[in-house]
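Chemist: Heads up: the protein sequence lines correspond to chains A and B, in order. Quick note on numbering that gives the first Met the number 0: the first sequence kicks off at 0 and runs consecutively. Quick note on numbering that gives the first Met the number 0: the second sequence kicks off at 0 and runs consecutively.
Hint data in this document are derived by calculation from the structure and do not stem from the laboratory. What you are looking at is a predicted structure, and each value in this text was computed from that prediction instead of being measured. All residues carry an ideal CB built from backbone N, CA and C; glycine is no exception. Careful, some of the hints might be misleading.
[Claimed, not checked] Some chain A residues well away from chain B (every beta-carbon gap over 10 Å; in silico):
1) S79
2) S86
3) G100
4) V170
5) Q175
6) T181
7) A215
8) L233
9) G234
[As the list claims (entries may be wrong)] Result set (EDC-like, lysine to aspartate or glutamate): computed pairs, CA atoms no more than 20 Å apart in a straight line:
10) K69(A) / E181(B)
11) K154(A) / E109(A)
12) K152(A) / E181(B)
13) K69(A) / D121(B)
14) K200(A) / E224(A)
15) K111(A) / E126(A)
16) K72(A) / E181(B)
17) K72(A) / D191(B)
18) K94(A) / D191(B)
19) K72(A) / E126(A)
20) K111(A) / D133(A)
21) K52(A) / D191(B)
22) K108(A) / E83(A)
23) K94(A) / D133(A)
24) K166(B) / E109(A)
25) K152(A) / D179(A)
26) K105(A) / D191(B)
27) K28(A) / E183(A)
28) K52(A) / E50(B)
29) K152(A) / E71(A)
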Amino acid sequence: MSLNVSNLTVHHGAICAVNQVSLAVPTGKLAAIIGANGAGKTTLLRALSGLNKPTSGVVNWMGQTITGVKPEKLVRLGISHVSEGKSVIPELTVKENLELGAIWRKNGKEMKESLDQVVTIFPRLGERISQRSDTLSGGERQMLAIGRAIMSKPKLLLLDEPSLGLAPLVVEQIFQTIRDLTTEMRLTVLLVEQNAMGALKIADLGIVLNLGKVVAVNHAQALIEDPAVRAAYLGY
Amino acid sequence: MQLLNTLLIGITAGSIYALMAIAFVLVWRSTRVVNFAQAGMALLSTYFGYEAVSRIGSFWVALPVAMIGGALFAALVELILMRLLVKHASSGPIAGVAPIIATLGLLGVIRSVISMIWGGQDLRIVAPISNNGFTINGSTLVFSPLKLLVLVVVAVLLILLTILFQKTNLGLALRASAHAPEIARLSGVRVDSVRTLGWALAGAAGAVAGLFQTVNGNGNFSPDSIEFSLLLVSGFIAAVIGGLDSLLGAVLGGLFLGITISFVLMYVSSGLFFIAPFIILLIVLFIRPQGIIGVKAGRRA
Numbered sequence: 000m001s002l003n004v005s006n007l008t009v010h011h012g013a014i015c016a017v018n019q020v021s022l023a024v025p026t027g028k029l030a031a032i033i034g035a036n037g038a039g040k041t042t043l044l045r046a047l048s049g050l051n052k053p054t055s056g057v058v059n060w061m062g063q064t065i066t067g068v069k070p071e072k073l074v075r076l077g078i079s080h081v082s083e084g085k086s087v088i089p090e091l092t093v094k095e096n097l098e099l100g101a102i103w104r105k106n107g108k109e110m111k112e113s114l115d116q117v118v119t120i121f122p123r124l125g126e127r128i129s130q131r132s133d134t135l136s137g138g139e140r141q142m143l144a145i146g147r148a149i150m151s152k153p154k155l156l157l158l159d160e161p162s163l164g165l166a167p168l169v170v171e172q173i174f175q176t177i178r179d180l181t182t183e184m185r186l187t188v189l190l191v192e193q194n195a196m197g198a199l200k201i202a203d204l205g206i207v208l209n210l211g212k213v214v215a216v217n218h219a220q221a222l223i224e225d226p227a228v229r230a231a232y233l234g235y
Numbered sequence: 000m001q002l003l004n005t006l007l008i009g010i011t012a013g014s015i016y017a018l019m020a021i022a023f024v025l026v027w028r029s030t031r032v033v034n035f036a037q038a039g040m041a042l043l044s045t046y047f048g049y050e051a052v053s054r055i056g057s058f059w060v061a062l063p064v065a066m067i068g069g070a071l072f073a074a075l076v077e078l079i080l081m082r083l084l085v086k087h088a089s090s091g092p093i094a095g096v097a098p099i100i101a102t103l104g105l106l107g108v109i110r111s112v113i114s115m116i117w118g119g120q121d122l123r124i125v126a127p128i129s130n131n132g133f134t135i136n137g138s139t140l141v142f143s144p145l146k147l148l149v150l151v152v153v154a155v156l157l158i159l160l161t162i163l164f165q166k167t168n169l170g171l172a173l174r175a176s177a178h179a180p181e182i183a184r185l186s187g188v189r190v191d192s193v194r195t196l197g198w199a200l201a202g203a204a205g206a207v208a209g210l211f212q213t214v215n216g217n218g219n220f221s222p223d224s225i226e227f228s229l230l231l232v233s234g235f236i237a238a239v240i241g242g243l244d245s246l247l248g249a250v251l252g253g254l255f256l257g258i259t260i261s262f263v264l265m266y267v268s269s270g271l272f273f274i275a276p277f278i279i280l281l282i283v284l285f286i287r288p289q290g291i292i293g294v295k296a297g298r299r300a
């Protein structure tokens with residue numbers, strides 16, 4: 000297991016957003032976290048990347064305890080978080096957004112290699128490399144956000160609702176890319192999604208959150224076939 | 000000839016306002032605080048410069064001494080005062096304004112401490128080169144070698160700042176932290192340190208503004224210098240005209256303000272000296288509340 004979370008609890012003021020969550024994701028696997036609005040999915044991800052401070056519990060990454068470690072340190076340990084809502088900086092160009100992802104590496108040659116790699120994965124970004132990123136379409140922005148995360152050479156990728164607000168065809172492309180990246184780069188991925196079916200289809204395992212608690216963990220395919228999960232989250 | 004004179008005086012004064020406006024913008028971008036103590040910091044830096052001049056005798060040593068002193072002082076203010084304030088006043092009705100009010104208090108404290116150390120009397124820094132105007136075809140301009148020097152130094156500093164912001168990793172970190180601190184942190188930028196650096200750069204820019212405001216005037220300064228109050232007001236107004244978020248806007252705002260004031264004083268009434276900047280601010284806010292540069296482009300440089 001590369002990522003181990005045990006009894007993690009996170010509060011927003013008096014509200015307990017994540018309640019005693021335990022989960023484990025093996026290296027190279029894609030885990031989808033699904034659940035209704037307010038289930039605590041985003042808060043869980045933010046606690047894993049250091050943006051939110053947990054109240055209690057332990058996060059272990061590759062044998063190292065990283066509970067409460069700041070995000071700027073976690074990036075250096077190979078944890079990249081693409082936060083909710085197309086997390087790109089509109090005032091910067093596409094190239095600058097990508098370079099930002101590698102800024103801590105301080106190695107010009109590595110930065111150039113990663114840039115080439117990202118442009119190979121997302122040729123659209125290559126075509127728009129010197130444009131300001133607020134000129135991009137929604138799908139292109141999501142590619143850019145993922146591209147920025149790849150620039151920091153992650154081993155664990157935390158993705159928060161990459162399908163949000165995108166057209167169905169684009170969603171399909173983004174999901175396929177996430178699946179391919181996981182396999183090709185041997186990434187461990189935590190994918191938080193409202194689009195439960197789309198996420199479970201590409202995932203290895205699925206985790207269902209409800210009111211801050213884990214209510215089901217299983218192989219993704221098994222969850223798709225689970226009548227209770229179907230009724231509650233897949234809508235049929 | 001009078002037209003040219005008026006224009007050149009305006010540009011020189013405006014370039015000093017631009018430096019001060021840049022100081023405001025750098026602080027605003029890094030911590031979302033309007034730093035009214037900026038004038039006090041500029042004044043303190045001028046005293047640092049004065050000490051260097053009186054010991055070593057060269058303005059060219061005083062300038063970097065004032066800049067480094069100003070940068071260090073500003074960094075300390077951010078590290079010690081601002082971080083504590085933000086931590087302790089993070090909730091409640093005054094959370095948003097507490098740091099800004101604190102900078103007003105700090106302005107008073109700096110002036111008092113300066114009086115205690117150096118006394119309240121006028122001190123003097125002599126300009127490094129002549130402030131006697133150039134002569135063209137027998138008529139003398141107000142524009143002098145000193146004013147030319149001010150323009151050149153300000154231009155060089157602006158070019159250096161632009162290179163820093165647009166061409167270096169540090170500049171990328173500064174811009175990313177200003178626009179989206181969370182994304183910057185997730186990318187590995189130590190946003191807290193970058194904020195301190197933003198204050199330090201502002202302190203250095205303010206130091207140059209303070210020294211030049213002094214030598215471009217009559218060379219005298221004191222803790223209650225009217226020149227520095229004017230610098231505070233004009234720099235802030237220039238920053239607001241420029242959209243408060245843009246370095247380019249700050250420069251254009253400073254030049255616009257300097258030239259406009261110069262023309263108003265020359266062709267309308269010299270009695271409008273203190274009220275002119277405020278009238279210009281009000282007019283700009285009525286016509287273009289987002290500043291000259293506008294919202295979109297205004298967040299660029």
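Chemist: Kindly indicate which numbered hints from before are broken by the structure, ordering the numbers from low to high.
Modeler: 1, 2, 3, 13, 18, 19, 20, 22, 28
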